[in-house]
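Novice: Between the sequences and the hints, there should be enough to build the whole structure, so can you do that?
In terms of this note's numbering, the sequence shown opens at residue 193 and continues consecutively.
Hints are computed from structural coordinates only; laboratory data are not their basis. Just so it is clear, the structure is predicted and the values come from calculations on it, not from any experiment. Where hints are given, some of them may not hold.
[Unchecked claim] Pairwise CB distance ranges, derived in the manner of DEER restraints: (1) Y418 with A483: 13 to 23 Å; (2) D476 with A372: 45 to 55 Å; (3) D446 with P370: 32 to 42 Å; (4) S405 with S564: 27 to 37 Å; (5) E517 with I465: 32 to 42 Å; (6) P359 with I465: 40 to 50 Å.
[Stated by the list, open to error] Here are the simulated lysine-lysine pairs, DSBU-like style, with alpha carbons at most 35 Å apart: (7) K458 with K561; (8) K321 with K484; (9) K458 with K484; (10) K458 with K566.
The beta carbon of each residue, even a glycine, is placed where N, CA and C say it ideally should be.
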Amino acid sequence: RRAADVATMSAAAASRVFTAPGIFIAHCATRRSRPRGPVRVHASAGARHSGIVGDDLVHGSSLTSTRDTPAHVPPASGAAAGGVPVAAGIAPEDLVHGSSLVATRCAPTKQPASSSSSSTAVAARGSGKPIAYIAPTCPFAHKAWLALVEKEVDFEMRAVDLNDKRPDMIAAYGVASPDAGSVAKVPILVHDGVAMIESALCATYVAEAFRSSGADLTPHIPRERYVVGLWCETFAVGPPFFRALRATSQSDVDAALDDLRATLRKCERCLEIAHAHAGAGDADGPFVLGAKYSMAEVLTSTMLPRISVALGHYRGFRLHAAVEEMGLTRLARWMDASMDRPSMRQTLGEVGRVKGVDVGSAFIDHFAKFVSWKGE
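Specialist: Listed below in structure tokens is the structure:
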């Protein structure tokens with residue numbers, strides 16, 4: 193079984209996930225997790241999926257986020273010390289819509305009482321070094337985090353437990369949100385006395401405010417801006433992902449995964465269109481803008497490790513195997529390149545450091561709240 197799983201992977205992916213037959217690697221930044229065997233999907237005869245995966249960590253054939261992260265990953269400036277626990281908390285189903293800004297944020301299971309401290313004072317303290325409030329396991333906050341790392345910004349990261357929010361985080365959100373009574377969400381970016389919310393907006397702000405440092409993430413001509421926008425609209429994997437997790441029957445799981453596969457096919461077509469627009473010498477690159485890593489990847493690639501781990505564990509869905517089976521070669525290449533990006537590897541390593549477990553287990557714990565039906 194294990195050999196068959198490995199056979200469905202690209203050679204590059206297999207080399208990153210396995211060091212020896214049967215040994216899965218999932219380093220966190222501070223310790224090595226124990227070796228684990230392959231997942232076991234409890235499936236009845238003839239069923240495509242039958243609910244929850246048996247093992248407590250997804251098998252290596254799920255490509256992303258199960259990859260080997262560096263044995264030591266330097267923490268972001270000001271990152272919470274001592275393995276501060278970070279709770280899960282993705283927006284409820286009615287907030288998770290691919291075309292809406294609200295799909296780019298995390299929500300807690302409950303909102304603590306509002307702090308009486310001055311919101312304006314909190315924002316003012318953001319002058320100088322940026323402050324980023326981030327729940328490391330949240331895919332939406334991860335966008336702003338990637339942008340900060342890509343731009344080599346010296347920032348203070350404040351890890352957030354969304355079930356027990358810190359008063360300064362609530363106050364900063366209160367400054368930034370047009371709805372003063374709304375639940376505080378991540379990410380929140382505070383810079384030069386201004387508090388900002390919404391993951392895509394925060395990431396874009398970072399890319400433009402720190403143009404002189406780090407990677408050049410912004411598209412420069414209208415054609416590139418169009419292609420990036422088209423990709424972000426097409427990469428609407430969030431709704432089927434959450435539907436698959438929330439499913440209450442096998443038929444619901446199958447329908448959601450069929451929708452996810454359809455979206456992945458559209459992504460392949462979108463990459464074909466994007467590369468047709470690329471300039472000379474860029475079309476052969478793996479990213480949306482060819483050889484250039486850009487906001488297209490920053491705003492979408494953070495879903496890859498979550499889909500891979502969460503759907504692999506809870507629904508037996510193997511992302512990379514599915515992409516290869518459908519012959520989506522451009523998308524497979526994009527996934528590999530996006531997950532190999534140093535910023536992705538660094539931030540995933542930091543998830544493990546903050547949570548105190550390997551990154552795969554952190555994501556499994558994060559999305560557990562969405563899963564009620566387990567195929568039993």
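Novice: A separate judgement is required for each hint: does it hold in the structure or not?
Specialist: Against the structure, the hints:
Between Y418 and A483 the beta carbons are some 18 Å apart, a value that agrees with the proposed interval 13 to 23 Å. Look at D476 against A372: about 50 Å separates their beta carbons, and that is inside 45 to 55 Å. Checked against the given bound of 32 to 42 Å, the beta carbons of D446 and P370, roughly 40 Å apart, stay inside it. Between S405 and S564 the beta carbons are some 45 Å apart, a value that contradicts the proposed interval 27 to 37 Å.
Checking the proposed 32 to 42 Å range against E517 and I465 shows it is violated: the Cβ atoms sit about 22 Å from each other. For P359 and I465, the hinted distance range of 40 to 50 Å is satisfied, since their beta carbons lie about 47 Å from each other. Distance hint between K458 and K561 is fulfilled; the C-alpha atoms sit about 29 Å from each other, no more than 35 Å. A threshold of 35 Å between alpha carbons decides the hint, and for K321 with K484 the separation of about 28 Å falls inside it, so the pair holds.
Under the criterion of a C-alpha separation no larger than 35 Å, the hint pairing K458 with K484 is consistent with the structure, at around 21 Å. In summary, the hint linking K458 to K566 is supported, as the alpha carbons are separated by about 29 Å, within the 35 Å threshold.
Hint check: violations occur at hints 4 and 5; the rest are consistent with the structure.
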